[in-house]
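Student: In case you want the letters, here they are:
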Amino acid sequence: MLNFKITRRAFLQASAATTAAAAASPKLLRAMETELGGKDFNPVGYSERKAIPITCHVCNIQDGALAYVENGRIVKLEGNPEHVSTRGRLCAKGNSGMWYSYDPDRILYPLKRVGARGEGKWKRITWDEALTEIAQKLDAALKQDPNSIMLKYGRNRSGGVVDRFMNTLGSATVMNHTSVCESSKKVGMEPTWGPDIETPDFANAKYILNFGSNIMEAAYFHNPYSQRLADGMADNKAKLVTFDVRLSNTAGRSDEWIPVFPGTDGAVALALGHVILRDDLQDSDFIETWTNVTVAELKEHYQQFTPEWAEKLSGVPAATIERIAREFATTKPATTYTYRGPAKHLYGSYNEKATMMLPIMTGNIEVRGGYCMPRGMGWPQPQPEPPKPAKPSWIADHPDYPLAHHKVSHLTPFWIAEGKQKINVYFSYQDNAVYTNPGSDAVWGKLYRDEKLIPFYVCMTPFMGEEATLADIILPDCPYLERWEPESMPNSLWPWLGIRQPVIKSLGESRENRIMMRDIIHKLDPDGKRGMKKYWDFKDGEDYMRHHFDNVPGLKEAGGLNFLKKHGVWPIYGKLDPATGKIVDKTGREIQPEYGLHKKELSAADMTGAVVEKNGAIMKNGKAVGVQRKGKNYAGFPTHDRIINVRVDEWAEYGFNPMPTFKQIPWHRTMRDDEMILTTYKINVHKQSRTSAVKWLAEIMHSNPVWLNTETGKKLGIKTGDLVRVESAVGYLVTKAYVFEGIHPKVAAISTAFGHWAYGRLAQLKLKTEKGGAWGAQDDPDLNNVWWEDKGVHPNQIIPVVADPIGGSQGWYDTVVKVTKAGPNDKYGDVKASWEKHVEAFKETMRYAYTGDLHRKMHPEMASWGGPGSVKHKEGGGH
Amino acid sequence: MGDFNIFHHMPWSSTYSIYFFVIGISSALFFFSMLSWFRQEFEPLRKSAFYVSFALMVVGGLLLIVDLSQPLRFLNMLNPSYLNFTSPLAWGGMNLLSFGAVSAAYYWMMRKNDETDSRRLAVLGSILALGLPVYTGFDLTVHQNRPVWNTPLMPILFVAMSLLSGAAVASFLAGTHEKLLAMLRRFMLWSAGAVGVMLVSLLGTTAYGGVGQELTFMFMTTGTLGTIFIGVGMLLGTAAPIALLLAPFGKQQQGMMIAAVLILVGGMALRYSILVGGQIVQTYF
Amino acid sequence: MSELRTSSIETRGKPGLKRYAMVIDLRRCIGCDACMTACKAEFDVPLGVFRTWVPYKVVGVYPTVRKHFMPRLCNHCDDPPCVRSCPVGATYKVEDGGFVLQHYDRCIGCKACMASCPYNARFMLPKSRTYTDITHVVDKCTFCHHRVTQGLAPACVVTCIGRARIFGDINDPSSEVSKLVSTLPTQVLRPEEGTKPHVFYIGVDRNLSEPSRAIYNPLDVLEEDRRAFNKNHKG
Ligand SMILES: Nc1nc2c(c(=O)[nH]1)N[C@H]1C(S)=C(S)[C@@H](COP(=O)(O)OP(=O)(O)OC[C@H]3O[C@@H](n4cnc5c(=O)[nH]c(N)nc54)[C@H](O)[C@@H]3O)O[C@H]1N2
Ligand SMILES: Nc1nc2c(c(=O)[nH]1)N[C@H]1C(S)=C(S)[C@@H](COP(=O)(O)OP(=O)(O)OC[C@H]3O[C@@H](n4cnc5c(=O)[nH]c(N)nc54)[C@H](O)[C@@H]3O)O[C@H]1N2
Ligand code: SF4
Ligand code: SF4
Ligand code: SF4
Ligand code: SF4
Ligand code: SF4
Ligand SMILES: [Mo]
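Each protein sequence line maps, in turn, to chains A, B and C. Residue 461 in numbering that gives the first Met the number 0 sits at position 462 of the first sequence, with consecutive numbering throughout. Residue 77 in numbering that gives the first Met the number 0 sits at position 78 of the second sequence, with consecutive numbering throughout. Residue 41 in numbering that gives the first Met the number 0 sits at position 42 of the third sequence, with consecutive numbering throughout.
None of these hints come from the bench; they were simulated from the model. Ideal Cβ positions, reconstructed from N, Cα and C, are used throughout, including at glycine. Treat the hints with care, since some could be wrong.
[As the list claims (entries may be wrong)] In silico DSS-like links for lysine-lysine, alpha-carbon gap of 27 Å or less:
1) C/LYS56 with A/LYS38
2) C/LYS178 with A/LYS574
3) C/LYS233 with A/LYS238
4) A/LYS765 with C/LYS178
5) C/LYS233 with A/LYS767
6) A/LYS585 with A/LYS714
7) C/LYS233 with A/LYS718
8) A/LYS574 with A/LYS585
[To be verified] Just some of the chain C residues that point at chain B, by a computed CB distance under 8 Å:
9) VAL60
10) PRO62
11) PRO210
Work the whole structure out from these sequences, hints included.
Tutor: Printed below as a string of structure tokens:
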């Protein structure tokens with residue numbers, strides 16, 4: 000998950016809601032335009048529907064929304080028009096969110112496995128039985144080692160409840176899913192400027208370089224950013240240039256799509272930088288003032304990265320690089336944006352770093368239309384809070400990946416199998432690693448089925464996902480429309496706080512996360528003697544929210560939680576103008592965000608007791624709180640020395656190149672002629688594993704043929720519709736081909752979100768053979784109308800693990816495959832992969848870790864590094 | 000994953016073409032029954048043709064109603080406050096109904112042996128009967144967006160097809176009456192000729208239309224639909240019977256019977272392919 | 000001389016009457032399909048049928064390839080053939096606003112309106128729906144009559160992420176739709192049909208919006224889905 004703690008802490012002040020400046024003057028003559036939302040009516044009876052503000056959580060972008068209720072049923076979802084980032088709109092998934100609640104295959108009471116793991120036989124049990132059994136197992140585990148209790152979450156928007164739960168139990172064995180998500184992007188950025196993401200000001204930009212982000216379909220933050228991108232491109236005539244290995248919708252709607260060879264964005268970005276610096280197009284003042292390198296140093300360092308060098312690696316013509324570099328450097332304001340494309344490779348952190356150098360060297364940082372820092376808001380936690388666990392957990396702290404501050408969760412199964420951490424009780428929360436991780440069933444399915452490695456597995460979920468089928472006990476959590484949760488996301492340049500509140504009473508016996516976890520603790524510590532119960536002293540979800548929101552300065556005066564219950568979001572910056580679709584202030588002018596956060600001057604109060612060091616760092620209580628430049632005391636950037644670290648010294652300690660650099664993926668260099676790179680991606684109407692049970696989305700897209708370039712198809716004798724076999728080092732799958740012009744000839748692309756072997760009847764197309772409502776939910780007669788017969792094929796089993804030795808991220812887009820026409824015995828949907836081969840891949844990728852034997856070989860430029868022995872072990876998990 | 004991700008059905012299914020077929024025959028047979036009052040050689044057909052016509056009219060009406068998604072609301076067509084006079088279907092409904100009523104009265108008068116009234120009703124019924132292929136043709140013609148359908152030829156084509164199939168059925172009812180058979184043979188020849196000429200010109204204009212028409216032409220002349228339309232409808236069902244009827248063998252009863260069978264198969268094929276052909280391209284739009 | 004005779008049902012430019020229209024700015028459409036699901040939710044639209052849909056085409060030759068989206072819905076034609084062809088007046092035009100709507104309780108399901116609509120905007124509702132009991136009659140986009148008449152933009156317009164859909168009264172010269180239609184080149188679909196559509200497109204390429212040779216040689220991947228649709232979905 001995204002973790003914006005740094006941002007939140009550092010820029011809480013920046014959220015002063017009312018600093019909206021004014022721009023364009025309001026139009027005078029206005030027509031009676033229809034309002035853009037805020038109300039809804041029944042189409043048959045024309046009666047008004049009841050609106051309840053919430054925050055969308057169909058995917059993880061957290062858009063402000065309204066839920067409309069009629070006869071006790073959630074019938075309609077809509078963007079919250081008072082929400083400054085969402086501006087009243089939801090994406091295709093957000094509009095379909097009620098089907099999480101009304102999924103006929105939803106689990107509405109606790110289930111206990113009968114028969115073997117994964118056999119699919121369940122017994123309905125009471126909450127009390129479930130809690131009693133879990134408490135017994137926890138009790139036994141606590142006696143052995145609290146760290147033997149593990150919790151792995153994927154999407155965790157609980158606002159601190161999951162951490163509270165694990166801290167209460169005293170276990171540090173908490174894993175997330177960030178390493179299969181975008182972690183190398185975060186690690187590429189954080190040491191450089193602090194935040195783990197940028198907020199591009201698309202609406203006001205004139206030039207946008209997009210490296211491997213599919214903003215118009217996915218990315219952080221699809222909905223709010225697509226809105227701004229459309230504004231920027233249509234109203235502001237911004238040029239959008241997209242680097243991608245395939246024609247995503249974003250690439251297809253860009254002014255230019257530039258196909259790159261997978262994993263080489265870093266080289267292209269460095270070459271762009273080379274041209275900018277060579278031609279003296281950089282913003283020298285910005286570099287000298289705000290970074291830890293000089294222009295001369297940069298010029299010198301970038302000399303090696305010529306466009307010709309990058310062309311050889313990436314296939315992007317040197318002339319194109321020259322042109323784009325000049326366009327980017329001379330069109331102001333300009334911004335870059337990246338998401339998983341550059342980051343999800345063996346050395347993804349280097350790629351990310353190389354791309355972010357472009358807005359830095361051109362001084363497009365924190366300017367209108369440029370590359371801005373994220374703006375988020377925080378909230379206090381209910382008191383008292385449990386202390387942090389006493390002992391670190393091996394797998395959560397991974398000594399081989401000291402820089403991977405977002406953990407390396409996808410290597411967990413191998414580490415558990417190696418005995419690095421004994422597990423007694425395993426919880427999963429919103430995490431379907433069996434489907435979403437590399438290796439999928441061959442790796443995680445194997446782990447979960449092994450009762451020696453995972454003796455007791457509790458899955459907290461409303462759905463019978465691939466992971467849930469392997470659980471011992473399933474606790475029915477509530478989908479997002481039935482939960483209380485605090486929210487904030489830096490999905491626009493205006494910080495905000497929001498909530499999720501139950502729109503309807505939770506269905507069946509389902510319980511929301513904080514209640515469920517409280518109930519477990521209360522069962523474990525009924526009389527408070529263990530000292531756990533006191534951290535879980537709240538009446539209900541709403542009561543918990545009062546602790547979060549009733550004392551936030553500003554919000555408190557506005558009414559605290561009551562304000563949020565009514566509006567869903569705070570602050571409210573303005574009103575949605577029906578004529579422009581933008582948020583405007585009282586005078587009709589578009590509200591403007593605040594720019595230049597790093598130039599915010601420290602107050603006298605901030606400066607009392609501070610000392611200014613030689614390099615300008617303003618130190619207070621041993622920490623840099625700002626930076627002095629040209630006689631002024633600025634807040635600077637939230638890094639250890641408050642400036643941008645183009646040179647990341649911490650990387651050099653581990654033998655990594657501290658300067659912007661690029662490493663070609665070694666096995667791409669040695670690829671044979673008949674081999675290709677397999678890539679995987681997200682599409683506009685689906686959300687990883689969660690939406691294939693959502694009928695409207697499944698209807699729009701229900702299959703995922705492998706994309707191949709026309710030229711490749713010709714070479715292989717493969718046409719659209721042909722059955723093909725896609726084979727990697729760890730396995731193969733059989734799927735259909737889609738042969739067209741929109742993909743790099745050396746790339747085969749298979750999207751995620753399809754090919755389920757669990758997740759209910761719709762996802763598996765078992766509507767005819769199985770009955771709905773098996774676990775207490777109501778059936779949907781509309782499912783009689785399902786007409787499609789193809790559910791797609793999931794690629795993850797044949798994708799081996801790769802870990803970025805810096806950021807720890809999975810190299811999703813590095814897999815070498817061979818694509819051939821399917822054989823006579825191949826059936827559509829066949830997937831075969833082996834644990835042993837995945838283990839080999841795991842061992843291979845560990846060789847690139849700073850402790851591995853290939854590390855030095857990959858970094859000849861770091862010859863003077865003292866080796867792994869020279870590094871003092873530090874506590875991991877800094878962020 | 001392809002060009003378009005949403006599919007559309009053809010609004011009018013093949014049931015509709017069976018209706019066209021049946022109602023066309025019904026109408027022609029009524030016409031022959033009417034002729035019996037004026038042309039002596041048609042006398043053998045007076046009753047038999049009428050009975051078959053009546054039965055087919057009932058079948059056709061039922062087909063039409065059953066094909067509605069709300070069959071019981073067929074009555075809405077009779078509700079004067081609902082009736083929409085710009086709709087050929089509304090006219091057709093009334094036409095069919097009044098044809099039914101006149102047929103019933105005709106039957107009754109024939110039972111009563113009331114020659115004058117039977118005669119009058121026969122003429123009135125024939126005008127209404129003529130209306131049936133005319134309106135079914137209009138039913139298609141009015142859709143200006145549909146290739147093949149949208150031609151003023153369509154009502155005339157349907158009248159010719161109606162006569163053609165009707166004469167073929169009548170030839171089975173004619174027994175061994177030579178004069179009658181000769182007349183029917185002439186009917187078949189002339190109407191088949193007319194159908195053939197119209198189809199050729201229909202294909203011509205379709206082939207030279209815009210992209211939608213041109214594609215429709217391609218659909219109707221190749222593949223499965225091409226086989227049905229050109230192969231069965233035009234060659235086997237129109238050209239072959241003409242050739243057969245012109246040949247000496249075609250003047251014999253046996254030959255005529257074979258020609259009649261071909262004509263009926265062809266008539267069904269033509270109606271089906273015209274109905275479907277006009278709808279294919281748009282399902283992709 | 001008497002006045003020229005125009006169709007009595009046309010409401011464009013009639014004083015005192017509203018004439019709603021939609022402008023779809025294809026420069027802004029990102030193909031997110033939000034409109035499709037928003038509309039499904041608004042009306043409990045069953046599977047297999049759509050009041051609005053967003054077909055796309057991939058054009059060009061590698062590496063110069065683009066993706067074009069073209070959102071579709073009922074055009075609320077000012078001269079709607081569907082209204083003319085309905086035998087029982089179950090589909091009708093609302094004078095003030097120009098909406099083309101359905102009387103669901105009148106419709107007999109003859110599908111004449113479907114045959115006459117050049118845009119595939121109409122469909123037969125299947126037997127099963129989630130919670131609405133109007134079934135087995137013809138339905139289509141209503142321009143969100145229930146919302147618009149109560150001061151709200153249509154559901155698909157409200158949610159449109161690209162703000163590609165703009166809605167308003169084209170009889171009001173100061174409305175945004177009027178301004179767009181009068182200042183920018185716009186196209187309607189199949190103008191040769193003479194239906195006077197009131198969904199205007201900015202930036203449509205008629206080569207892409209027309210049926211083309213691709214129809215005759217449809218993509219195999221899509222063909223399989225089409226077969227499944229024709230087999231399993233009763234229209
Ligand atoms: N619709 C939808 N939206 C989502 C999500 C979802 O599941 N569905 N999930 C959310 C989450 S969790 C995340 S992390 C974000 C991810 O959002 P994105 O990162 O924008 O999306 P991805 O599909 O993961 O990958 C982005 C693109 O990288 C391309 N790519 C692959 N290799 C390379 C390469 O070497 N170079 C370049 N330049 N491009 C390459 C792929 O073709 C793909 O188009 O989306 C979020 N939003
Ligand atoms: N091939 C391929 N694989 C990918 C990606 C890709 O682009 N291609 N993307 C990767 C990325 S970026 C990410 S972030 C990961 C995401 O990986 P995950 O976090 O594992 O996936 P999700 O699909 O977000 O949801 C996980 C589980 O949450 C459960 N769930 C859903 N709603 C609720 C709820 O309300 N409460 C509870 N308790 N559980 C719920 C569901 O059962 C679901 O199985 O996937 C990665 N995997
Ligand atoms: S992008 Fe879509 S699904 Fe994700 S939070 Fe926003 S509206 Fe919801
Ligand atoms: S688009 Fe079709 S359904 Fe809509 S008004 Fe025009 S003809 Fe009628
Ligand atoms: S299907 Fe219904 S709305 Fe359409 S023409 Fe027939 S009666 Fe009228
Ligand atoms: S106007 Fe209303 S009914 Fe028509 S497509 Fe949009 S949301 Fe659907
Ligand atoms: S919601 Fe708007 S941008 Fe998205 S597909 Fe529909 S019309 Fe296009
Ligand atoms: Mo992610």
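Student: Take the hints in turn and mark each one as holding or not.
Tutor: The hints, checked one at a time:
1. At roughly 35 Å between alpha-carbon atoms, C/LYS56 and A/LYS38 are farther apart than 27 Å, so this suggested pair is violated.
2. For a cut-off of 27 Å, the pair hint linking C/LYS178 to A/LYS574 stands: about 23 Å separates their Cα positions.
3. For the given pair, C/LYS233 sits about 46 Å from A/LYS238 by alpha-carbon distance, which is inconsistent with the 27 Å threshold.
4. Our distance criterion of 27 Å between C-alpha atoms is broken by A/LYS765 and C/LYS178, whose separation comes to about 51 Å.
5. Between C/LYS233 and A/LYS767, the direct Cα distance comes to roughly 16 Å. Compliance with the 27 Å bound is thereby established for this hinted pair.
6. In summary, the hint linking A/LYS585 to A/LYS714 is not supported, as the alpha carbons are separated by about 62 Å, beyond the 27 Å threshold.
7. Restraint check for C/LYS233 and A/LYS718: the C-alpha separation of about 31 Å exceeds 27 Å, so the hint is violated.
8. The hinted pair formed by A/LYS574 and A/LYS585 meets the criterion: a straight-line CA distance of about 8 Å does not exceed 27 Å.
9. A cut of 8 Å between beta carbons decides the hint on C/VAL60: the least distance to chain B is about 16 Å, and the hint is violated.
10. Contact between C/PRO62 and chain B, as hinted, is not supported at the beta carbon level, the nearest pair being about 20 Å apart and thus beyond 8 Å.
11. Checking C/PRO210 against chain B: minimum C-beta separation of about 5 Å stays under 8 Å; hint holds.
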